[in-house]
Amino acid sequence: AQSVTQLGSHVSVSEGALVLLRCNYSSSVPPYLFWYVQYPNQGLQLLLKYTSAATLVKGINGFEAEFKKSETSFHLTKPSAHMSDAAEYFCAVSDQVKLSFGAGTTVTVRA
Amino acid sequence: GAVVSQHPSRVICKSGTSVKIECRSLDFQATTMFWYRQFPKQSLMLMATSNEGSKATYEQGVEKDKFLINHASLTLSTLTVTSAHPEDSSFYICSAPPAGGADTQYFGPGTRLTVL
Chain A
1 AQSVTQLGSH VSVSEGALVL LRCNYSSSVP PYLFWYVQYP NQGLQLLLKY
51 TSAATLVKGI NGFEAEFKKS ETSFHLTKPS AHMSDAAEYF CAVSDQVKLS
101 FGAGTTVTVR A
Chain B
1 GAVVSQHPSR VICKSGTSVK IECRSLDFQA TTMFWYRQFP KQSLMLMATS
51 NEGSKATYEQ GVEKDKFLIN HASLTLSTLT VTSAHPEDSS FYICSAPPAG
101 GADTQYFGPG TRLTVL
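Which chain is which? The protein sequence lines are A and B, in order.
101 is the number that this note's numbering gives to position 101 of the first sequence; each next residue is one higher, with no gaps.
115 is the number that this note's numbering gives to position 115 of the second sequence; each next residue is one higher, with no gaps.
Honestly, the hints are just simulated from the structure, not real lab data.
No residue lacks a Cβ here, since even glycine has one placed at the ideal position from N, Cα and C.
Do not rely on the hints blindly, as some may be mistaken.
To be verified - Stretches of chain B that chain A covers, calculated by requiring three or more beta carbons in the stretch to come under 8 Å of a beta carbon on chain A:
{"no.": "1", "stretch": "20–31"}
{"no.": "2", "stretch": "104–114"}
Unchecked claim - So the derived list for chain B, only partly shown, Cβ under 8 Å to chain A, looks like this:
{"no.": "3", "residue": "L74"}
{"no.": "4", "residue": "L76"}
{"no.": "5", "residue": "I93"}
Turn these sequences into a full structure, and let the hints guide you.
Okay, structure coming up:
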């Protein structure tokens, strides 16, 4: 069994400020972990993924995430928010067959 | 990166009619595709796993006779919502992992279904 918990359904940041989105996972097998971004009325775009290689993963658009096994966490960060980062973000865990998604975090960016 | 398309992007139908949604992998073959449903302001919920050349596998609580899935080729899976009702109105999204690359799924742009 696998599941993901995203802490905080809504995050509001100022433009230029740090973005931090929290994700904790549960998995009975070594997990593959993902962050996806979704813009309104669109599908999901992969930001980054962890598949048992380096624990610090760099993705697109300046995002990165760190896999911490001891904390069962995979938090997403970006040092400086842009207006274009306003979107819905989903953390997901895979058992190499199926994906299970978190509830999502809506990010708004204030000018 | 790999591209997955869906057609139509948006459909409005009357209650009681059936609607077919297509999911295509444009530049890779996919023996498996996944169908998700997403209600407004909610996460994606896996409905079923579509397997090329065999029957789909449905998640618990998903009516297989209502949501018919056909995976007739390595690049096409279809989802047919039969006898649609207003409660079936949702955003339907498909995904596919490239063959041999099961660690990543590529998502289609989604289909917005509205049942009047």
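Quick rundown of the hints versus the structure:
no., hint, verdict
1, 20–31, "violated (count 0)"
2, 104–114, "holds (count 8)"
3, L74, "violated, 18 Å"
4, L76, "violated, 17 Å"
5, I93, "holds, 5 Å"
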